[in-house]
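Engineer: Sequence:
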Amino acid sequence: MAKGYWVSVYPAISDPESLTAYDKLAGPAVQAGGGRVLSRIPSHGGRVVAHEAGITQRVVLIEFDSFEQAVAAYESEAYQKALVALPDGVERDFRIVDGID
Numbered sequence: 001m002a003k004g005y006w007v008s009v010y011p012a013i014s015d016p017e018s019l020t021a022y023d024k025l026a027g028p029a030v031q032a033g034g035g036r037v038l039s040r041i042p043s044h045g046g047r048v049v050a051h052e053a054g055i056t057q058r059v060v061l062i063e064f065d066s067f068e069q070a071v072a073a074y075e076s077e078a079y080q081k082a083l084v085a086l087p088d089g090v091e092r093d094f095r096i097v098d099g100i101d
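For what it's worth, UniProt numbering labels the leading residue of the sequence shown as 1, then goes sequentially.
Everything labelled a hint here was simulated from the structure, so no lab data went into it.
Each hint should be verified, as a subset may be incorrect.
[What the hints assert, rightly or not] Quick list of in silico lysine-lysine cross-link-like pairs, DSBU-like style, CA-CA up to 30 Å:
{"hint": "1", "residue 1": "Lys24", "residue 2": "Lys3"}
{"hint": "2", "residue 1": "Lys3", "residue 2": "Lys81"}
{"hint": "3", "residue 1": "Lys81", "residue 2": "Lys24"}
[To be verified] Pairwise CB distance ranges (calculated):
{"hint": "4", "residue 1": "Ala78", "residue 2": "Ser18", "range": "29 to 39 Å"}
{"hint": "5", "residue 1": "Asp101", "residue 2": "Glu17", "range": "18 to 28 Å"}
{"hint": "6", "residue 1": "Ile55", "residue 2": "Val97", "range": "15 to 25 Å"}
{"hint": "7", "residue 1": "His51", "residue 2": "Lys81", "range": "17 to 27 Å"}
Here a beta-carbon is modelled for each residue, glycine too, at the ideal position from N, C-alpha and C.
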């Protein structure tokens with residue numbers, strides 16, 4: 001079965017510290033939904049090289065065992081509470097994508 005992925009790119013973050021409340025709620029919600037954080041850069045020492053229209057702001061990649069599991073985790077009550085804590089000064093491009101078998 002193909003895996004599912006959350007891909008989040010943050011083109012603009014006016015106050016990086018303001019993401020703390022969201023992170024504290026989102027992390028446990030993702031884990032409870034079966035998600036595994038594969039990458040969260042550059043905030044955790046990871047490296048990024050941006051090409052074309054790429055950015056070097058925060059990028060998060062989370063893997064789930066299936067696309068359906070990824071959608072269910074996003075729609076969960078716990079993650080919806082985390083979204084409420086996402087600060088206004090954050091611009092985010094979020095997608096749930098299907099992996100390739």
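Engineer: For each hint, tell me whether it holds in the structure or not.
Structural biologist: Hint by hint, here is what the structure shows:
1. Lys24 with Lys3: 25 Å, holds
2. Lys3 with Lys81: OK: lysine 3 and lysine 81 at ~25 Å, within 30 Å.
3. Lys81 with Lys24: 11 Å, holds
4. Ala78 with Ser18: 29 to 39 Å: At roughly 20 Å between Cβ atoms, serine 18 and alanine 78 fall outside 29 to 39 Å, so the hint is violated.
5. Asp101 with Glu17: 18 to 28 Å: For aspartate 101 and glutamate 17 the Cβ distance comes to about 40 Å; the hint is violated.
6. Ile55 with Val97: 15 to 25 Å: 19 Å, holds
7. His51 with Lys81: 17 to 27 Å: This hint is violated: roughly 36 Å between Cβ atoms.
Checked against the numbered hints above, the structure breaks hints 4, 5, 7 and satisfies the rest.
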